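Each chain, written out:
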Amino acid sequence: MSTKSQNNGSDEMGEETPLLLAKDPLLRVRTYSHSSGTTSHHSEAATFDFRAPPPSHVTPEDVLQRMRYAFRNDGFDAENDFEAAQSMLNTLERSAFRDTVLDNLKETPMSMRERLGLRRLIYSKTHTRRRREQEIEESTTKSVNRNYTFVPFNLWEETIANLSAYFGSNVASYFKFLRILLLLNIAAGILMISFITVPQAIDGPQSFNSSISQFGWLSKSMLLFGSYSSDKINNSYNQPLAYILTWMGVSLFYLIVIAVAMHVRYRQSKLSDNADDYEFALRTFSAWDHTIYSKEGVKDRRKALCMELKERIREERKARKPRLETRLLRYLGRIISNTIVLGLLGGSGYLVYYVADEFELPDSTPTELKKLFDKYQLSAVVSLLKLFIPLLFEFLVHLEGWPPRSALKITLFRTTLFYFASLVVFDMSLHNVASECSSASCSDKGINTTEVVCCWENRVGEEVLKVVFIDLGLCIAVGLFFHVAKALFIKCRICCIQLELSEFGITSSVLDLIYGQGLIWLGLYFSPLIIVIGIIKLFVVFYTQLFVAKMAMVAPKKVFRASRSGNFYLFILLLTWFLCILPTAYTIAEVSPSADCGPFKKMCKAYDVISHSIGTWPDWLEEPVQYIGTAAVIIPVIILLLLVALYYRAKSSSYADLIKELRNQLKFERKVEKRKVYASALSTPFGTASKATGQKYEFDVEQTNFPIIKTKT
Amino acid sequence: MLSPGNVPEDMRDGKTNSFRILLPEVQKMTEIKENPFKERICKVFSEDGSGDMSFDDFLDMFSVFSEAAPRDIKTTYAFKIYDFDCDNFIGRDDLERTLTCLTKNELSDDEKQFIVDKVLEETDLDDDGMLSYIEFEHVISRSPDFLNTFHIRI
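Here the protein sequences line up with chains Z and R, keeping their order. Read in order, the letters of the first sequence are residues 1 to 713 in UniProt numbering. Read in order, the letters of the second sequence are residues 1 to 154 in UniProt numbering.
In short, the hints are calculated from the structure, not lab data. Since we're looking at a predicted model, the values are computed, not measured. In this text, a Cβ means the ideal position worked out from N, Cα and C, and glycines have one as well. Some hints could be false.
A few chain R residues that face chain Z, going by a derived Cβ cut-off under 7 Å, partial list only [claimed, not checked]:
(1) Lys28
(2) Met29
(3) Glu31
(4) His138
(5) Ile154
With a straight-line cut-off of 30 Å between C-alpha atoms, the simulated DSSO-like cross-links for lysine-lysine are [unchecked claim]:
(6) Z:Lys310 to R:Lys118
(7) R:Lys74 to R:Lys104
(8) R:Lys74 to Z:Lys295
(9) Z:Lys303 to Z:Lys409
(10) Z:Lys299 to R:Lys112
(11) Z:Lys409 to Z:Lys491
(12) Z:Lys550 to Z:Lys310
(13) Z:Lys310 to Z:Lys295
(14) Z:Lys491 to R:Lys118
(15) Z:Lys651 to Z:Lys667
(16) R:Lys28 to Z:Lys409
(17) R:Lys38 to Z:Lys176
(18) R:Lys28 to R:Lys118
(19) R:Lys38 to R:Lys74
(20) Z:Lys299 to R:Lys104
(21) Z:Lys651 to Z:Lys176
(22) R:Lys118 to Z:Lys660
(23) R:Lys112 to Z:Lys601
(24) R:Lys38 to R:Lys112
(25) Z:Lys303 to R:Lys28
(26) R:Lys104 to R:Lys33
(27) R:Lys38 to R:Lys28
(28) Z:Lys409 to R:Lys118
(29) Z:Lys491 to R:Lys33
(30) Z:Lys370 to Z:Lys466
(31) Z:Lys299 to R:Lys28
(32) R:Lys112 to Z:Lys550
Residues of chain Z clear of chain R, computed beta-carbon distances all greater than 10 Å [unchecked claim]:
(33) Leu64
(34) Thr108
(35) Thr159
(36) Gly168
(37) Ile186
(38) Ser286
(39) Val298
(40) Leu305
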């Protein structure tokens, strides 16, 4: 009778509540070894305990299992057990087992000495020494390769490491992102230069007349579109074709790299979207950043962590729902501030558009000023807006009284939106610049209408370049004259107002980088060498930021970062790519290039160069391709894609709901049922149950991360 | 760097294991001098648990803290570091000591207790008042930046 009830007890544990109980063999074993209170090998083998069965009974699965949990240091003798387990196998299984052990050895939490011992043992047993030699060879070649291929990736490694000694790995990640962008641009720049600039340089830049040039001799240099030749160089190199193909190739290269990086990162980040459930646990266990080792860094980090913990405790203790009036007031405030944000977005967009298109200074202003203004109005407005609007957003969010994490997300969202809006408007105003020139219809080509000599591609390139320069200038200026000056004030105690050193704003800095990259993409077609300028800019930005951070910044106070932000930045980078490359692609396909300069001056559309040189579509494809290009097809396709996206979005959100529900259910089960189950489990010690029924338990290592107990009759 | 005069030049014949640097010496290393868990780290990696480290232990330590170490190993050693009393479970006492290391004396006992309660509420799946390795791993795998921060550069 008693046997039966015990049996029931163990069944219940094994089958009905596998998640709660069976997944943790360590816990269970500990419970029972305590209750039995035995330590010697033999008495433990009598009761069931997988930790230390006599060596002759060790199965290979046992060895693997115990290697996984070797850190428990409980009498696991790897070498003996391995030999014992091996003696039970036939030759074929033996070598397979050896391989498995070797493969797992690297990920086994044993000390170096134990691992070496086991490895030596395994190798001394293998009489075929070939594998060993092979492996040694492999590993040496691998390490050599590694040393060589990773040299550029280690650029600034030392500097970044020193920086993270104080600022921690979050700030270091910003500099690493910068490094990735730099390397990417260098690779793309090499492509651009070797396929476009070098062939042209052999021939010398094409000369052309341009009535509008703002950069003086630079406008006629190979920096810009205009000086690239429309003929074959040396009668063999088809420059127009090379130009367009290289541009396409480089753009695709960027896209592929970003997509691959996103994929890799996504796979690395385990499902960490429910980090909210573990706020305190994660703050306790993974809050410490071991990369920080400078004294001030440790002090600041500790202070920030304490502040945050205290804040969280306060929030947690406070009654959840504030009073109705305050809530109403808060909602009202949020509505107002959101309206302001929308107004700011629209207003700044209109401002850029207006300045680019219509704005003129009154006649009374001196001509010098007017000239200067004409030259820089568009780029200046774009950069100034970029400087001030994000600050305004941050200020607004303070007023709204969001909890810190949502505040971060909202600012991020709004700033991103603003950057996109300004890029789009900038696109449009560039288009206006372009259309001033390209009004001459395509049929006029060939007849040289010399009255209006212009090269709108060059103008667009110049505008973008100007924004890039001003952007860089502002970055340096803000760093030096704002942050450093502020730090000087504070250090010299000149100012009597209480000031604080600025925090290092990772989010805004990363968005800045992305914006800069967007500008490079935007100008890539119109100015192939913009990449070189972009590379120089990244170098300068790196050292400026480094200098400013070291001189005048403190580590960010928010220890906890919005989860998975790394992937989020990549996603924004991807969107920026679309925003910047697609308008250019449209230009290539639809707008007629200027007739006086550039590689495509003989063409009706830049795209024609492909159909002329490579050939048109075959006849049977021609019609379908043209048909696909019409709005009648494209619009439904876009709508369909949107619907599919929406469908998957809805599906994923429903899964999220399901997960939430299940988790709640689990919590409930835990609260109500578990104690009962535990009580019964404790009353029927496992060892006795197994002994009485003669069942053998074994752990299933292969199937899951959590060994589940199976009963075997 | 760490009393180079004392280290024998010839490391053969098991010297890598037998010669040790004492705990106070090890703790003076720049990379871990300011680390709040320095003592725990040394003890976890020293073979007899005293904190004195041999060359092998040293290798162990920095291989675990290196960038290339797999997540499982990092998790395992993080668990050991937080397990102050070495009973293979993180209990209330361990949690308190972890918090003391992290925050020195800036939190009151009351606040610490509150956090310990919360941590257990969030993570203790089987309600035994302490965290087993599996429970710990479950939590730490949710951390967005554990891999980046559990990393010491030399």
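Verification of the supplied hints:
With 7 Å as the threshold, the beta carbon of Lys28 (chain R) stays out of range of chain Z, its nearest partner Cβ sitting at about 12 Å, so the hint is violated. Hint status for Met29 (chain R) relative to chain Z: violated, with the closest Cβ pair at about 9 Å, above 7 Å. The beta carbon of Glu31 (chain R) comes within 5 Å of a beta carbon in chain Z, closer than 7 Å, and the hint placing it at the interface holds. Among the interface hints, the one on His138 (chain R) is violated; its C-beta lies about 9 Å from the nearest C-beta in chain Z, farther than the 7 Å criterion.
Restraint check, Ile154 (chain R) versus chain Z: the minimum CB separation of about 9 Å is more than 7 Å; hint violated. Restraint check: the Cα-Cα separation between Lys310 (chain Z) and Lys118 (chain R) comes to about 13 Å, which is no more than 30 Å; the hinted pair holds. Taking the CA atoms of Lys74 (chain R) and Lys104 (chain R), the gap is about 24 Å. The hint holds against a cut of 30 Å. Simply put, Lys74 (chain R) and Lys295 (chain Z) have alpha-carbon atoms about 25 Å apart, close enough for the 30 Å limit, and the pair holds.
A threshold of 30 Å between alpha carbons decides the hint, and for Lys303 (chain Z) with Lys409 (chain Z) the separation of about 24 Å falls inside it, so the pair holds. Proposed proximity of Lys299 (chain Z) and Lys112 (chain R) is supported: the alpha carbons are some 19 Å apart, at most 30 Å. Between the alpha carbons of Lys409 (chain Z) and Lys491 (chain Z) the distance comes to roughly 33 Å, so the proposed pair goes past 30 Å and is violated. Under the criterion of a C-alpha separation no larger than 30 Å, the hint pairing Lys550 (chain Z) with Lys310 (chain Z) is consistent with the structure, at around 28 Å.
At most 30 Å may separate the alpha-carbon atoms for a hinted pair to count; Lys310 (chain Z) and Lys295 (chain Z) meet this at roughly 23 Å. With a C-alpha separation of about 41 Å, the suggested pairing of Lys491 (chain Z) with Lys118 (chain R) is violated against the 30 Å cut-off. A C-alpha spacing of about 24 Å is found between Lys651 (chain Z) and Lys667 (chain Z), which places the hinted pair at or below 30 Å, so the restraint holds. Note on Lys28 (chain R) and Lys409 (chain Z): the hinted pairing is violated, with a Cα-Cα distance of about 41 Å set against a maximum of 30 Å.
At roughly 27 Å between alpha-carbon atoms, Lys38 (chain R) and Lys176 (chain Z) fall within 30 Å of each other, so this suggested pair holds. In summary, the hint linking Lys28 (chain R) to Lys118 (chain R) is not supported, as the alpha carbons are separated by about 35 Å, beyond the 30 Å threshold. In summary, the hint linking Lys38 (chain R) to Lys74 (chain R) is supported, as the alpha carbons are separated by about 16 Å, within the 30 Å threshold. Restraint check for Lys299 (chain Z) and Lys104 (chain R): satisfied, since their Cα atoms lie roughly 10 Å apart, inside the 30 Å limit.
Note on Lys651 (chain Z) and Lys176 (chain Z): the hinted pairing is violated, with a Cα-Cα distance of about 35 Å set against a maximum of 30 Å. With a CA separation close to 19 Å, the supplied pair Lys118 (chain R) and Lys660 (chain Z) stays within the 30 Å bound. Restraint check for Lys112 (chain R) and Lys601 (chain Z): the C-alpha separation of about 74 Å exceeds 30 Å, so the hint is violated. At most 30 Å may separate the alpha-carbon atoms for a hinted pair to count; Lys38 (chain R) and Lys112 (chain R) meet this at roughly 21 Å.
Simply put, Lys303 (chain Z) and Lys28 (chain R) have alpha-carbon atoms about 23 Å apart, close enough for the 30 Å limit, and the pair holds. Under the criterion of a C-alpha separation no larger than 30 Å, the hint pairing Lys104 (chain R) with Lys33 (chain R) is consistent with the structure, at around 15 Å. Restraint check for Lys38 (chain R) and Lys28 (chain R): satisfied, since their Cα atoms lie roughly 10 Å apart, inside the 30 Å limit. A hinted pair counts as satisfied when its Cα atoms are at most 30 Å apart, and Lys409 (chain Z) with Lys118 (chain R) qualifies at roughly 25 Å.
Of the supplied pair hints, the one linking Lys491 (chain Z) and Lys33 (chain R) holds, its CA atoms being roughly 28 Å apart against a limit of 30 Å. With a CA separation close to 17 Å, the supplied pair Lys370 (chain Z) and Lys466 (chain Z) stays within the 30 Å bound. A hinted pair counts as satisfied when its Cα atoms are at most 30 Å apart, and Lys299 (chain Z) with Lys28 (chain R) qualifies at roughly 18 Å. Between Lys112 (chain R) and Lys550 (chain Z) the alpha-carbon distance is near 34 Å, which puts this suggested pair outside the 30 Å criterion.
The Cβ of Leu64 (chain Z) sits about 13 Å from the closest Cβ of chain R, beyond the 10 Å cut-off, so the non-interface label holds. The claim that Thr108 (chain Z) lies off the interface is violated: its Cβ sits roughly 8 Å from the closest Cβ of chain R, which falls inside the 10 Å cut-off. The claim that Thr159 (chain Z) is not at the interface with chain R holds, since no C-beta of that chain comes within 10 Å of its own (minimum 12 Å). At roughly 8 Å from the closest C-beta of chain R, the C-beta of Gly168 (chain Z) falls inside 10 Å, breaking its exclusion from the interface.
With 10 Å as the threshold on Cβ separation, the claim that Ile186 (chain Z) sits away from chain R holds: the shortest Cβ distance comes to roughly 23 Å. Interface exclusion of Ser286 (chain Z) from chain R breaks down, the closest Cβ pair being 4 Å apart, not more than 10 Å. Its beta-carbon lying about 4 Å from the closest one in chain R, Val298 (chain Z) breaks the requirement of being farther than 10 Å from that chain. Non-interface status of Leu305 (chain Z) relative to chain R is broken: a Cβ of that chain comes within 10 Å, the nearest being about 6 Å off.
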